[in-house]
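> Line by line, the protein sequences give chains A and B.
For the first sequence, numbering that gives the first Met the number 0 assigns the number 0 to the initial residue and increments by one for each residue that follows.
For the second sequence, numbering that gives the first Met the number 0 assigns the number 0 to the initial residue and increments by one for each residue that follows.
Treat each hint with caution, since some may be false.
To be verified - Quick look at which bits of chain B chain A covers, simulated, 3 or more residues with Cβ under 8 Å: (1) 32-41; (2) 52-61; (3) 89-101; (4) 112-122; (5) 131-141.
No lab work stands behind these hints, which were simulated from the structure alone.
Computed from a predicted structure; not experimentally measured.
Even glycine gets a Cβ: it sits at the ideal position worked out from N, Cα and C.
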Amino acid sequence: MTIGPSAFLGLAAVLFALGLYGAVARRSAVMVLMSLELMAVAVNLNMVALSRFVTPTEMTGQFFAIFTMVVSAAEIGLGLALVLAIYRQTRSIELSSIDSLKG
Amino acid sequence: MSESVNGVAFVILAFASIGGAVGMLTTRNIIHAAFWLLEVMVAVGGLYLLLSAEFLAVVQILIYAGAVSVLMLFVIMLTLRRREDSVRPVEVSIGGGILVAVFGTVMYVAIARYGDRVGEMPIVVPDTAALGELLFTQWALPFEVASLVLLVALVGAVWWSREGDDR
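Extracted from the complex, chain A is given alone in its bound form (with noise of 0.2 Å):
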């Protein structure tokens, strides 16, 4: 049996696809941010993935993986502050009680 780059590519195909399913569905601001990281990792193994197969002594994939990594710590970090300080305004996580630039 052997594993080529279609595999990996479907299984972050996979993992992207219900990181989506759950940024759109679920209603809770901490789900909408788990399921985005979800979708980062995803992305992060197709590059590590198409990186081993096709640029073994580069490493680009590996470096962009690297980088994504930066941004989605950063960015969880900063969205759950924004919940923090939501909640402390709402008293509620909920995405459909932020609706206060509603018209």
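Put chain B on the given structure of chain A with help from the hints.
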């Protein structure tokens, strides 16, 4: 000559990561969802090991399984007023389903058509020492910018989440 990925390990890790993601989306308890996410992160770290990206595997476990999951659990527990608030009905979104179906179809077509254009796994294995050397020579500027991004995010997170209305 070409290397190959351990098929049994790949199947186990793929099953673990997809199963964890499904568990995260179907569980009704948001704390269980955070632990399912942790399980996905560990499984993906194992996949990085299969791809001989040892440094990324360790970073994955440290950052995602260690730091991000703990941060998630802290925020979940800080924003729950009662124990019962953590359990919520499973939300079904038709729009989300359609979006995922379209995305899945596009991905399936793209991988079926172009996935095998990338050849077999090369025998050359990525080297962690070489990764460190490249990171501090060729990628030195992005590395410094990344540290600046993290610093700004740190200050911003502290600023946003502090107590008090004197903002």
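> All the hints need checking, so say for each whether the structure fits it.
Now for the hints, and whether the structure bears them out:
1. 32-41: It holds, with 5 qualifying residues against the three required.
2. 52-61: Holds: 5 residues of the stretch 52-61 of chain B have a Cβ under 8 Å from chain A.
3. 89-101: Holds, because 8 residues of the stretch 89-101 of chain B bring their Cβ atoms closer than 8 Å to Cβ atoms of chain A.
4. 112-122: holds (count 7)
5. 131-141: This one holds; 4 residues, not fewer than the three required, reach chain A with a Cβ under 8 Å.
In the structure shown, no violation is registered for any of the earlier numbered hints.
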